[in-house]
Amino acid sequence: MQTLNSTSLQTANPAPKPHLKPDPYLVIENLSKVYPSPNGSYTVLENVNLTVREGEFICLIGHSGCGKSTLLDMVSGFRKPSQGEVRLQSKRITQPGPDRMVVFQNYSLLPWKTAFENVYLGVKSVYPEKSKAEKEAIARDHLALVGLTEAADKKPKELSGGMKQRVSIARALALRPQVLILDEPFGALDPITREELQEELLKIWTAHRVTVLMITHDIDEALFLSDRIVMMTNGPAARIGEILDVPFPRPRSRTSLVESPEYYNLRNEALDFLYRRFAHEE
Amino acid sequence: MSVFVEVDHVDRVFSLPNGAEYIALKNIELKIRKGEFVSLVGHSGCGKSTLLNIVAGLDNPTTGGVVLEGRQVTQPGPDRMVVFQNYSLLPWLTVRQNIALAVNRVMRQRPKAERISIVEQHVDLVGLRHAADKRPGQISGGMKQRVAIARALAIRPKLLLLDEPFGALDALTRGGLQEQLMRICDESQVTCIMVTHDVDEALLLSDRIVMLTNGPEAHIGQIVDVPFARPRSRMEVVNHPNYYGIRNEIVYFLNQQKRAKARKLKPMVAVSGNGLEKVNLEIGFVPLTDCAPLVVAKEKGFFEKHGLTEITLSREPSWKAIAEGVYGKRLDAAQMVAGMPLGLTLGMSGRAPIPVVSALTLSRNGNAITFDRDIFDAGVRSLADFQALIRRTPDRVHTLGIVHPASMQNLLLRYWLASGGIDPDQDVSLTVIPPPQMLANLTANTIDGYCVGEPWNSRAVQEGRGVVMETDLDLWAGHPEKVLGVREDWANQYPQTHLALVKALLEACEYCDDRRNREEILQLLCQPEYVGVDPDYMRPGFIDAYDRGNGEDPLTLLNYNQFYVNKTNCPDRVEALWTLIQMARWGIVSFPRNWIEVLDRTQRIDVFGQAARDLGLLDIGRDRGAISLFDGSIFNPDDPIHYLNSIAIKRDVRIEEIPLDALATV
Numbered sequence: 385m386q387t388l389n390s391t392s393l394q395t396a397n398p399a400p401k402p403h404l405k406p407d408p409y410l411v412i413e414n415l416s417k418v419y420p421s422p423n424g425s426y427t428v429l430e431n432v433n434l435t436v437r438e439g440e441f442i443c444l445i446g447h448s449g450c451g452k453s454t455l456l457d458m459v460s461g462f463r464k465p466s467q468g469e470v471r472l473q474s475k476r477i478t479q480p481g482p483d484r485m486v487v488f489q490n491y492s493l494l495p496w497k498t499a500f501e502n503v504y505l506g507v508k509s510v511y512p513e514k515s516k517a518e519k520e521a522i523a524r525d526h527l528a529l530v531g532l533t534e535a536a537d538k539k540p541k542e543l544s545g546g547m548k549q550r551v552s553i554a555r556a557l558a559l560r561p562q563v564l565i566l567d568e569p570f571g572a573l574d575p576i577t578r579e580e581l582q583e584e585l586l587k588i589w590t591a592h593r594v595t596v597l598m599i600t601h602d603i604d605e606a607l608f609l610s611d612r613i614v615m616m617t618n619g620p621a622a623r624i625g626e627i628l629d630v631p632f633p634r635p636r637s638r639t640s641l642v643e644s645p646e647y648y649n650l651r652n653e654a655l656d657f658l659y660r661r662f663a664h665e666e
Numbered sequence: 004m005s006v007f008v009e010v011d012h013v014d015r016v017f018s019l020p021n022g023a024e025y026i027a028l029k030n031i032e033l034k035i036r037k038g039e040f041v042s043l044v045g046h047s048g049c050g051k052s053t054l055l056n057i058v059a060g061l062d063n064p065t066t067g068g069v070v071l072e073g074r075q076v077t078q079p080g081p082d083r084m085v086v087f088q089n090y091s092l093l094p095w096l097t098v099r100q101n102i103a104l105a106v107n108r109v110m111r112q113r114p115k116a117e118r119i120s121i122v123e124q125h126v127d128l129v130g131l132r133h134a135a136d137k138r139p140g141q142i143s144g145g146m147k148q149r150v151a152i153a154r155a156l157a158i159r160p161k162l163l164l165l166d167e168p169f170g171a172l173d174a175l176t177r178g179g180l181q182e183q184l185m186r187i188c189d190e191s192q193v194t195c196i197m198v199t200h201d202v203d204e205a206l207l208l209s210d211r212i213v214m215l216t217n218g219p220e221a222h223i224g225q226i227v228d229v230p231f232a233r234p235r236s237r238m239e240v241v242n243h244p245n246y247y248g249i250r251n252e253i254v255y256f257l258n259q260q261k262r263a264k265a266r267k268l269k270p271m272v273a274v275s276g277n278g279l280e281k282v283n284l285e286i287g288f289v290p291l292t293d294c295a296p297l298v299v300a301k302e303k304g305f306f307e308k309h310g311l312t313e314i315t316l317s318r319e320p321s322w323k324a325i326a327e328g329v330y331g332k333r334l335d336a337a338q339m340v341a342g343m344p345l346g347l348t349l350g351m352s353g354r355a356p357i358p359v360v361s362a363l364t365l366s367r368n369g370n371a372i373t374f375d376r377d378i379f380d381a382g383v384r385s386l387a388d389f390q391a392l393i394r395r396t397p398d399r400v401h402t403l404g405i406v407h408p409a410s411m412q413n414l415l416l417r418y419w420l421a422s423g424g425i426d427p428d429q430d431v432s433l434t435v436i437p438p439p440q441m442l443a444n445l446t447a448n449t450i451d452g453y454c455v456g457e458p459w460n461s462r463a464v465q466e467g468r469g470v471v472m473e474t475d476l477d478l479w480a481g482h483p484e485k486v487l488g489v490r491e492d493w494a495n496q497y498p499q500t501h502l503a504l505v506k507a508l509l510e511a512c513e514y515c516d517d518r519r520n521r522e523e524i525l526q527l528l529c530q531p532e533y534v535g536v537d538p539d540y541m542r543p544g545f546i547d548a549y550d551r552g553n554g555e556d557p558l559t560l561l562n563y564n565q566f567y568v569n570k571t572n573c574p575d576r577v578e579a580l581w582t583l584i585q586m587a588r589w590g591i592v593s594f595p596r597n598w599i600e601v602l603d604r605t606q607r608i609d610v611f612g613q614a615a616r617d618l619g620l621l622d623i624g625r626d627r628g629a630i631s632l633f634d635g636s637i638f639n640p641d642d643p644i645h646y647l648n649s650i651a652i653k654r655d656v657r658i659e660e661i662p663l664d665a666l667a668t669v
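Sequences listed follow chains C and G, in order.
Each number in the numbering used here corresponds to the 1-based position in the first sequence with 384 added.
Each number in the numbering used here corresponds to the 1-based position in the second sequence with 3 added.
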């Protein structure tokens, strides 16, 4: 019985990705996050470096408590780095902005507003100069994009989990962000709905050409969606342990993925990282 | 097998407010051994939890019953403990107190010291010594579930029932807990039934996986045996050569159910028209170069021409899925490996026999035996070299992949090995792997070689992973490879449709063997809905010269993929007899004493003849005569039992009368 070692998959020439531009777009440089605690300081993340290209789809995977969400919070601008910086198109990120939209696992919709109103709210605050008709059209178009035209006037409690998550995605995309940040968006959905939404997300990403950073715990989800899988070591002082290049051509289909010998190598490599080399004990 | 839990013909019917009835579970039968770990998988609403509740005694079946160690289950009891997804811990008690509560209640009569010791032992069992005095609000979800498991096990149940125990946790936390649960079950030797929809979880933990179909009237669709040795570790399990094969089988089942749900489980209603009883057919194929006739019949309009206007080609992940699909009537017809109609008719691998007939041979040849490049580099050039290698390395098991027990790949590989004095069951290990996963396993070094159709040999050669040792032209040039298979009752119900199907495919076969069409067919096959691979992997043998990867110049192989020429298509009783004998030789089926009747029933030469005459083609088959193979042996069709007795390497051959008429009414 052999296990794959970490070097077996490092390809000299990563697969060509025609949808990506060569220049760095989002740069995470020497990023650390340290919190003060009663017993001295607690380092969540230490010296994280990652360069993302425009239009790239990145999945972040790691055990709970490895600081994935903290990392994304510093990209979205909700938290400030203790050291290092995050730059988007060479501009340093210091606060949240509509160029970086976040979708959370728990949807975060306003329960007293309809699907349409939830999307419209964001549009209104970001495009005050546009006419009402224009703003409404933007909201409607983005609901249509996620297949929710029919359910536009329903309130969150009348929607299924999958539909709620679609509203959150529509709300985020309506602001035309440059970076879409997804924090385990499908974790609460049943397996069938999760697969459906993964496919929709890919379609939207292809059409919008948005750069995506997504947290997931699901290796198959990461292999299906991403260009690269960034695997984090366990905290404290978590860092990027390994990056897997996902070479499958796009558009992708699940069937052709599972027929590709490479799929199993990558899957086992990720399993080996997460369950053997960086196994997590509570 | 001693039965520990028996679920006997259980139905569960709920009355609806409008007076109607909802049949949730229909005729569930399941026997579980002591110490066994069984998982129930299926989509939400398929009744998995209802079934678990019935075993727990929390719900009662409408008909049928559950028997645990000889006693009927009618109500909940401490011999069956349930662990729910939401932990159900008392929030004001500590970890230790939550466990103690159950122990003190159920084991009242035991001395206090003993009860305390049991509690402490179970705190340790789930690794929560450091958190024993914490309350549920102070610990993580994973730790809470460990408390729930400890509480359930502390009262020594005979049966542990787990209802999606880790469903509320993220996939990675789940992974860690699965390994702990596995260790706990190994230590406590408790019998477990678990409901889950995580396929990896089921594979890691279970001895058997029971797949339920969608409700209403959910029933057991399929049961998969999980062959991994215990104790298991996750990485060993995922590196097992069968892991992804079994995993894909389950995922495929669930996807089938998902699709069935999508079309609201509309029963397949026969649409008649064009003088045919049924024009809407679902036809299964496995993505390999030799599925060409089906693809051509669809894309070049041959189905349409013969009135079959609603043909769906269903791309199946394995030959087992094909067999299941035809057996369970999901598929009307399918491309099958040559021995499959006989195997299904005679009840191979423990299934009830069901007559399946073939009226058309779709292709001949097209397989090769590929070995890992490392074996070639170690100097193995011939069967004798391979035998020497096996002798030199007695402590190493050489594993070879086959696609299905009833396939020519299996029968020819076995024949080849045995001809060189290698017993295919004693000296090497053969394992069934679906064609698309062969190369992945070779690359991961979980197997040393395989016998499979294209493009999986040429692809291994082009990727530098394998070397072709023999093509089937070297072994038995012109052997039957893929056949059209339908259930006999289907053929009887839809005779005109069957005839039209044979005609359409026969014309497609003729089209495939016109070399001028090969480039066009290659483009069709490469489409993702068919084979969906890089055309370069498919060209050798199909269009270009064949490269074995052994450093020699590629060779032009005539008829490596043969679809029509040399009387390809007429079913042949002598060839079928050879196939039958080889399957009996290796214990795959019993040899039927009434073999003449079996061959007449399964080989529908009459339907082929009618189709050929209608098309103005030659309706005669191959000349009846002896078959000569590479080893110089001549197979004489007139005395099969004598032939069977004369072979040296074989299993215990069973010879028995197989009463076919009784089967026809099944």
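These are computed hints drawn from the structure, not numbers from a lab.
A virtual CB, placed ideally from N, CA and C, is assigned to each residue, including glycine.
Any given hint could turn out to be false.
Below 27 Å or equal to it, Euclidean Cα-Cα: the simulated BS3-like pairs (lysine-lysine) are [what the hints assert, rightly or not]:
1) C:Lys587 to G:Lys261
2) C:Lys541 to G:Lys261
3) C:Lys514 to C:Lys541
4) G:Lys308 to G:Lys570
5) C:Lys519 to C:Lys538
6) C:Lys475 to C:Lys497
Looking from chain G toward chain C, a few residues come up when the C-beta cut is under 8 Å (computed) [claimed, not checked]:
7) Tyr247
8) Pro643
9) His645
Going through the hints against the structure:
{"no.": "1", "hint": "C:Lys587 to G:Lys261", "verdict": "21 Å, holds"}
{"no.": "2", "hint": "C:Lys541 to G:Lys261", "verdict": "25 Å, holds"}
{"no.": "3", "hint": "C:Lys514 to C:Lys541", "verdict": "30 Å, violated"}
{"no.": "4", "hint": "G:Lys308 to G:Lys570", "verdict": "23 Å, holds"}
{"no.": "5", "hint": "C:Lys519 to C:Lys538", "verdict": "19 Å, holds"}
{"no.": "6", "hint": "C:Lys475 to C:Lys497", "verdict": "35 Å, violated"}
{"no.": "7", "hint": "Tyr247", "verdict": "6 Å, holds"}
{"no.": "8", "hint": "Pro643", "verdict": "39 Å, violated"}
{"no.": "9", "hint": "His645", "verdict": "45 Å, violated"}
Comparing the model with each numbered hint stated earlier shows that hints 3, 6, 8 and 9 do not hold.
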